[in-house]
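For reference, the chains in residue letters:
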Amino acid sequence: MATTIDSNSPAAPTGESLLRLQGITKAFGGLRAVDGIDLDVKRGEIFSVIGPNGAGKTTVFNLITGIYKPDQGTMTFDGRSISGLSADRVLRRGITRTFQNIRLFNNMTVLENALVGQHITYPSNLASVMLHLPDYRRADRRATERALELLSFFGPSLVALSNEYASSLSYADRRRVEIVRALGSNPKLMLLDEPTAGMNDVETGDAVTYIQRLRREFNLTILLIEHKLQVTMGISDRIAVLDYGKKIAEGVPVEIQQNPLVIEAYLGRKAEVAQ
Amino acid sequence: MSLQQLGLAGPLASARAWLENTHIAGRSLWWYLTGWRLGLIFLLVAVVLPSLLDQTLVTSAISIFIYALLALGLNIVVGYAGLLDLGYVAFFVIGSYTVAVGTGGILQDAHDNPLTIPTYPFWLLLPLAAVLAGVFGVLLGAPTLRLRGDYLAIVTLGFGEIVPIVFQNLPFFFGNIGMSALPPADVGPITFSDPLNATPFYFLTLIVLVLVILAVTALRDSSLGRAWIAIREDETAAAAAGVNLVRTKLLAFSMGAVVGGIGGALNAAFVTTIAPSDFNFGISITILIMIVLGGIGSIPGVILGAALLRFFDVYLLGTVSNNLEGIPAVATFLAGHDINTAKLLIYGLILIVMILLRPQGLIPDRRRSRELKGIGAAPEDTSAVGLLALEEAGISSVGESAADETTYAGTGSDAQGREG
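Taken in order, these protein sequences are the chains called A and B.
Numbering follows the numbering used here, in which position 218 of the first sequence is assigned residue number 218; successive positions increment by one, without gaps.
Each position in the second sequence, counted from 1, maps to that position plus 1000 in the numbering used here.
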């Protein structure tokens, strides 16, 4: 694991496009959850997607990661099309994710969860797997070492929990294990769906720190859905705002804060809630 | 109703405590009875057993081994991958007919005229049966494994019904009369065809059973086994972690089928006459009950389940009814009834009692008992409890759950998350 804290590391965006969505549309019945969205995420960036409830943010994530197929539009990653690929093939291309409502394998240990995250590093040849041939054992040994290494990203306390069942962990630790699982495939792009949801201020502060460390130490580009504006405004290089499935604004945090459409979308929605 | 209410929990717990606290050579008795030690004990007992038993019991033991094989095969599908297969008998049929056709050397044409075909040795047909069953497993699995749990169960049920009917109605296989199979050819001085000495066949099935136990253990402890658990728990998360859902499910299905085919091949060579009526839905269900009785996902449990039910079926039922018929009053009552017809009633009772008292089975799989107790169930696990409580846990279809997320994107994650 690279642990350089060099400000010249690829943390800074390069301006080269990594993920590009053009005219992506997805409808459920009559509802256009995502309606002609364009996104252009640069390599090395922390790019946030914000918007009121039901704006279509998670649907965008599900479309990128192959859980949904878009009705219209194209998606390219690292110069190649990823439209219509299944979830596991999207992962193989280098896009990984976490889920809004933490989807760990609860009846597996922390270590086993981390190993599932490295599933693609195991041989797929059935004979190797069944007979535990040398190539399988080598992959298994490497995966276990790597899993412990990734757990240590969050400090020795998480490593100490590696044989506990995932369900027995604290909420914040389960979020961390989900990130460890997501790191297992050596991704280029990580999609974080509300990584600080349900966290108090201290835990949120920790999360902000490790999101920045993720980018730096794993050379990741990060696409983030986040509700807490103090988080997004603080760490994002750029922000896109969705409302009713459409992108209503995009820019650096300062631009977004001053954009009248954004203010209206947020305040308008808040007024409705107040009724 | 629970074990506590029946006053059984106490004695069971103290028995376990006694095993754990009684030490021999620095290890507890419990240690000797778990893991590979248990396998070794099983093997030693199984090797000695034929010299202690009369031939009737050796024959019963062969039948137990064959059903233990089948239960281990179905356990890959149901216990590991969490796919409910109600038509497992289909692969048993395919294996059985492969050996019958291949060793018998005679078929029928459309006008009931005999049709002579070349014969092949059992030793060649055994692997062929495995391959054929595996191929049919893939053929059935490929289009159906995209279905949700309960739909998959119905489709497999249909497959289990169709396959015996196909063998019944195609002109080649002598319809309802069925076919004869030959026992395996002699290997040196070992002869498998002596009707008075079943011991060689006993050891043949034992060897195959041991190989299958080793294979399913290795599978369970492999990256593939982990992928199956992942799919069982949360398909969407498994796919997002790089597990190819279709391929992984198909592997479970076809490997279960392979074991079913092997069981069928041994069965045909053992009973030597097979007919379509031998293979019915009752067999699929019996094998499933063996798994539930012994412990879903648990290798020793599944073998124990098979042993108990099969012993009951082939030995106890016959002995008990013979003895009962010695009593005049009972004999009069039984005259019009066959105790065998009560078998499925008794199986049904076993199933109900197990589900109520000990759903995790007699020798539970640790992970499966956690799942059954609902420990660590994901908040979205609200799908109805499926048939026989074997329905896979978690998200039944990606579409539904993700649609929820769309509607509620970003809401209430505080509450939801904390609950989980």
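Because the hints were derived from the structure by calculation, they are not lab data.
Cβ coordinates follow ideal geometry from the N, Cα and C atoms, glycine included.
The reader is advised that the hints may include incorrect statements.
Facing chain A, according to a computed beta carbon distance under 10 Å, are these residues of chain B, among others [unchecked claim]: (1) Arg-1037; (2) Leu-1038; (3) Ser-1222; (4) Ser-1223; (5) Asp-1278; (6) Ala-1329; (7) Arg-1370.
Some chain A residues well away from chain B (every beta-carbon gap over 12 Å; in silico) [stated by the list, open to error]: (8) Arg-20; (9) Leu-39; (10) Arg-89; (11) Leu-104; (12) Asn-113; (13) Val-202; (14) Gly-205; (15) Leu-214; (16) Ile-263.
So, going through the hints one by one against the coordinates:
Interface hint status for B/Arg-1037: violated, as the beta-carbon distance to the closest one in chain A is roughly 20 Å, over 10 Å. This hint is violated: B/Leu-1038 has a C-beta 20 Å from the nearest C-beta of chain A, more than the 10 Å allowed. Interface hint status for B/Ser-1222: upheld, as the beta-carbon distance to the closest one in chain A is roughly 5 Å, under 10 Å. The closest approach between the C-beta of B/Ser-1223 and any C-beta of chain A is roughly 4 Å, which is under the 10 Å cut-off, so the hint is satisfied.
At about 31 Å, the closest approach between the beta carbon of B/Asp-1278 and any beta carbon in chain A exceeds 10 Å, and the interface hint on this residue is violated. At a threshold of 10 Å, the smallest CB-CB gap from B/Ala-1329 to chain A is about 53 Å, leaving the interface hint violated. Interface hint status for B/Arg-1370: upheld, as the beta-carbon distance to the closest one in chain A is roughly 5 Å, under 10 Å. The claim that A/Arg-20 is not at the interface with chain B holds, since no C-beta of that chain comes within 12 Å of its own (minimum 21 Å).
Against the 12 Å criterion, A/Leu-39 stays outside the reach of chain B, whose nearest CB is about 16 Å from its own CB. Not every CB of chain B is more than 12 Å from the CB of A/Arg-89 (nearest about 8 Å), against its label as outside the interface. Residue-level check failed: A/Leu-104 sits 7 Å from the nearest beta carbon of chain B, not beyond 12 Å. With a closest Cβ-Cβ approach of about 9 Å to chain B, A/Asn-113 is found to fall inside the 12 Å limit, against its non-interface label.
Listed as a non-interface residue, A/Val-202 keeps its Cβ farther than 12 Å from every Cβ of chain B; the least gap is roughly 15 Å. No beta-carbon of chain B comes within 12 Å of the beta-carbon of A/Gly-205; the shortest separation is about 17 Å. Consistency note on A/Leu-214: stated as away from chain B, and its beta-carbon is indeed over 12 Å from all of that chain's, at 17 Å minimum. A cut-off of 12 Å between C-beta atoms confirms that A/Ile-263 is not in contact with chain B; the least separation is 18 Å.
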